[in-house]
Amino acid sequence: MNTRIITGTGLLLALALLSQSLRLIIPLPNMVSMFLIGSLVGLCMLVATMRYGVVSGLIIAWATPVIAFMQAMLPFAPFVPLVAVGNTVFVVLGYLLRNQSVWLQAAVCSVAKCAVLYCSFALLFVSFAVPYPVAKAVLFMMSWPQIVTGTLAVVGARYLLNHSSLGANK
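First residue of the sequence shown? That's 1 in our numbering, and the numbers climb one at a time after it.
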C-alpha cells in the first residue's frame, strides 16, 4: 500500500466513524438515524473500495461494527461478526460490479447484504434465546432498510466518484 491509499482509506474510515457517531451527537429519530447513518457508512465503504481497492473497503467494513459495539449501537458481541460479514459481501460485490450499471450494482449489493444479514441474524436468534422484542427490532433493521441504505450508498458513491476529484487517479 502506498501513502495515497493509506491516507485515503484513513480519511474515509474517519468519515465513516464520524457518521456512525452522529446519533450520539444529534438526537435523531431511530428511523432517520438508521437510513442516514447506514447510507453514509455504506457510501464510505464503497468509495474506499472503488477508489483504493477491496482491502480499503474491508478495513472500513470490519472496523465500523467493532466501533458500533463499543458505542453500544450493537447491543451484543455476536452481532459484530455478522455485520462485518454483511459489509464484506457489500464491499466485494461492489468491487466486482464497479464497471456495471449503477442500478445493477445497487440491486445486487444491497439485496445480497440484506439477505446475508437477515439470514445470519435469524439463525443466531434460533440458536440462542434472544428476547422477542430485541429479535423483532433487529430483524426489521436487517430487512428492507438494508436495501434502501445499500442503494443510496451505491448511487452516492458512484455519483461522487464520477463527479468529483475522488474519481481521478492522481
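Just so you know, these hints were derived from the structure itself, not from any lab.
Ideal Cβ placement from N, Cα and C applies to all residues, glycine included.
There's no promise every hint is true.
Beta-carbon label-pair distances, calculated as ranges [stated by the list, open to error]: (1) Arg-98 x Ser-165: 12 to 20 Å; (2) Asn-30 x Ala-122: 19 to 27 Å; (3) Ser-143 x Arg-98: 20 to 28 Å; (4) Asn-30 x Asn-2: 35 to 43 Å; (5) Leu-24 x Tyr-132: 26 to 34 Å; (6) Asn-2 x Pro-131: 25 to 33 Å.
Hint check results:
no.: 1; hint: Arg-98 x Ser-165: 12 to 20 Å; in the structure: 18 Å, holds
no.: 2; hint: Asn-30 x Ala-122: 19 to 27 Å; in the structure: 21 Å, holds
no.: 3; hint: Ser-143 x Arg-98: 20 to 28 Å; in the structure: 26 Å, holds
no.: 4; hint: Asn-30 x Asn-2: 35 to 43 Å; in the structure: 41 Å, holds
no.: 5; hint: Leu-24 x Tyr-132: 26 to 34 Å; in the structure: 27 Å, holds
no.: 6; hint: Asn-2 x Pro-131: 25 to 33 Å; in the structure: 48 Å, violated
Checked against the numbered hints given earlier, the structure breaks only hint 6 and satisfies all the rest.
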